[in-house]
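S.K.: What follows is each chain in one-letter form.
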Amino acid sequence: MSVETEIRFKLNGREVSLRVPVTMKTLEMLRDKLGMTGTKYACGEGECGACTIMIDGKTVNSCLMYAVDCDDRELVTIEGLNTPEGLHPVQQAFVDHGAVQCGFCTPGMVMQAHYLIENNPDLTRAEAQRGLEGNLCRCTGYTKVLDAVDAVAGKNTCRSRC
Amino acid sequence: MEKSATASPVAKQTLIGQRIKKPDAPDKATGKTRYINDMVLPQMLIGKVLFAGRPHARILRIDTSAAENLPGVHAVLTGKDAAGLKFGFVRDNVALKDRVRCEHDEIAAVAAETEEIARRALELIEVEYEDLPGVFTPEDGAREDAPLIREDFPGNKSLSFEFTHGDLAAAEAASDFVVDNVFRPHHVTHCCMGTSCAIADFDYNGKLTIWTQTQYPYNYKMDLAPALGIGPGDIRVIQPPVGGAFGSKLDVYPYEPIAALLAKKTGRPVKVIYSREEEFKASPTRQAAIIHMRTGCTRDGVLTFRSADALLDNGAYTSWGPTIPVIMMRTISGHYRVPVVDFKAQAIYTNNPYAGSFRGYGNVQTTYATAQQMDMLADLVDLDPLEFHLKNAQKSGEVTPQKSFLRECALTECLETAARACDYSHKRKAYAAQRDEPGRYKKGIGLASSIHNAGGAKIHKSDGIGTILKMDDYARVTVITGASEIGQGIDAVITLIVAEELGVPLEHVTIVNNDSDVAPWDVGVHASRTTFIAGNGTRRAARKAKAQILNAAEKILGEPAEELELRGGSVVRDRDGTPLIKLDRLLRQMHFQAVPELVMVTDYYEPKSEPEGAKHVSDHSAAYSHAVHIAEITVDTLTGEITVDKVTVAQDVGRVINRMGLEGQVEGGIAIGLGYALSENMRIENGRLRNACFRDYKLITAPEMPPLDLHFIESDCAEGPYGAKGISELPTIVIAPAIANALYNATGVRIFNPPMSPETVARAIHERRTQPTSDKAAIDAEGLTLKTRE
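So the sequence lines, in the order shown, correspond to chains A and B.
When the count follows the numbering used here, it moves up by one through the first sequence with no breaks and lands on 1330 for the last residue.
When the count follows the numbering used here, it moves up by one through the second sequence with no breaks and lands on 981 for the last residue.
Simulated from the structure, these hints should not be mistaken for lab results.
Don't take every hint at face value.
To be verified - Here are the simulated DSSO-like cross-link-like pairs (lysine-lysine), alpha carbons at most 30 Å apart as the crow flies:
{"id": "1", "chain 1": "A", "residue 1": "1323", "chain 2": "B", "residue 2": "212"}
{"id": "2", "chain 1": "B", "residue 1": "472", "chain 2": "A", "residue 2": "1201"}
{"id": "3", "chain 1": "A", "residue 1": "1178", "chain 2": "B", "residue 2": "223"}
{"id": "4", "chain 1": "A", "residue 1": "1226", "chain 2": "B", "residue 2": "889"}
{"id": "5", "chain 1": "B", "residue 1": "223", "chain 2": "A", "residue 2": "1323"}
{"id": "6", "chain 1": "B", "residue 1": "456", "chain 2": "A", "residue 2": "1201"}
Quick caveat: nothing in here was measured; it's all calculated off a predicted structure.
Model the full assembly from the supplied sequences, consistent with the hints where possible.
M.R.: Right, here's the structure in full:
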């Protein structure tokens, strides 16, 4: 059995403390330890973006990051964007603009889109395209994803928790 | 509210052609959707598979004792546990093998309490192999002295297909121009974002429940049963949400019976899920082939014949891949008016990963050839390709040599619409004139089209669908349908049709389509059929329900049923829209009256298509459709890199049902086709896949997606729901040859061995510059016969 260690961090606004093996990746911790299955495994090698989450306001591939490195940091996953009342504007835009087909890449895509919009008030379509380069989608051809981002970008309607 | 005489009239309006949101999108966008990959059942064990990792070998010894003794391991299975349990299209596969025929052959499997234990158990299995010489191309496999991959298939011959029509020799003699090329379409794979996964569980009555990603749940039972030695009736198929399929889940693959065999052995649910690397190695491929194609025409630009002789790379086992000639030949014989046709295809067993079905199903490979040869012939005849295409385009009512009845044919309109929208003819001339001018970057424009079945394809005994529609006391509608949802959006189409027919809000429709014990039979999601077939099934069921409701309303309201309509959640007077009674109230009155009645109707819809048949002469689809793509590209002649600047699309969709879903399918289909054209390539060297990751197997990314100009031609299909045709495969089929033709326009080179990767393109440009020869220069002196170099 691998060595375990205790970590504490904030997940979607709530304090979490748990013991994790030092070899465990953040993605596994979220999915297998915490049951947060919104974040997806699709490659495990940082090449597809399906596991994108936000740590201290920056997006990362959670499959590449060790869980122990979450200690004392703030994580936001796809489950942390919406509120009980409704969808986050980026999520809603994905729904409204047909950016969701099989939806498996969607959580990671939404997280990355949210990050791009939050950090660039003048986000252009070309910048969004470039910013989503690391998020693979096999269904949509990205066009509707970019339409969704376009619809929200520059409107300053994101309610970021980060 | 009572009979609401005071309520304002409800105007007639239609949802057909509107933009409807996918009902499952909110849950998917918030991470709430529980995909099969996310599922955990109580007591569930994790199954893992030991792959051979070598392409061809005998297994001399296998020792699983150490793995069996590892704490936490519940079962270890090897070839002897699946001996004789043959499955597959020609019953040539077993879940666990006692001999290795390809790299991903499943040699052993374990079920353990955690994935980590399962992985360690695999490491403890000792296998001694004796490697055998392999066969890695269909040409090699077809040689007389080739190593035999299967004793029961002499000559390594898998399936073969043939279709001939007319006098080939006479047609050749009558041809002023003939183009003759060998095309070598390559191996690509589906790359579903959700990796392959199955969960199996047996109950103590011997019944298997399998949670799977399958896209053909009913025939799946039939195909899975022999791999387990149980009856198809003892299998219940549950289809949780899946991360894509694209044809990859149109067969049973060994991990599924492996999960079931492990579940049987352990008495517990077992989940097998692939890593991305396993997914790349063990998934089916789009079939690679060697297609020798010739097409002829007169000097006036009228097609005289098309012949094709194809060797297909079957891989080590026969899945649906080797059946693609059924569709290939429809294109050979039906892509433009071809009076004489000669088609032969032979699938050859190799030690490569084996081919399955993939969106486009043989037509991707075929159109890559036919659409380039159309372009080449136009050049030889010295006609604008648009003119050449128009000259040979079929019209409505024509019948192809295979008896595909093109009842509504909008090919001419597609050609004219796309060409006009992007100023094709003018740009083509201008770019061709600049081709040999100095300058590193060259622009090109290319036109391609194709034909595809758009109302299913009757390759089974039935191409039908069962639908059950019921309404509750609150006017909520449940549609229980065989139609599978794999992300393509049939949920939105069914919802829209129900709302259209029954006048209920979209959000009052629920679809149940994920349990074979509940929903009635359907062939599956394939052949661009689901909107067409399930759309018709849903509409028919909804109309039966509506008739029942309006007849009841006639009795209760005393107004003739034929003058009533369902709109805005009420029964209204058709002529002025006056609401007469709320629908939910009426349904309760129907339910609780002296002679009670519930609205619950059934329908089985069988399209008017003919079985494919052994001779391949039948109207096998209920509709056919065309699409035209015009690609505008920039080629970096130094690096060979192609940038696609814009794609103009004109596609005959029959009728737009859900505009947003339609656009999404076309855009996504093009993205897959772009990857096929430009970057995706399974590098299989001596049977071993060398690029089993997204870093080395390159999908199209967001910045590479060009702007698309979509034009939907509505030919109003008489058989389709509201006139609609199936749409989802043509976008993947047509784009690659459009780019290939644009590449020729820009640089004068043609690529017959896709993908048009920078390396391949740069090499071809370099060769053309060092040995300048145009198509025309290659025409041999006497007979205007062109022999283009391979």
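S.K.: So, for every hint listed, does it hold in this structure?
M.R.: Structure-based check of each hint:
1. 1323/A with 212/B: This hinted pair holds, its Cα atoms lying about 22 Å apart.
2. 472/B with 1201/A: The given pair, whose Cα atoms are some 29 Å apart, holds under the 30 Å limit.
3. 1178/A with 223/B: Holds, because 20 Å separates the two Cα atoms, which is no more than 30 Å.
4. 1226/A with 889/B: Holds - the C-alpha atoms of residue 889/B and residue 1226/A are around 26 Å apart, at most 30 Å.
5. 223/B with 1323/A: 26 Å, holds
6. 456/B with 1201/A: 28 Å, holds
Comparing the model with each numbered hint stated earlier shows that all of them hold.
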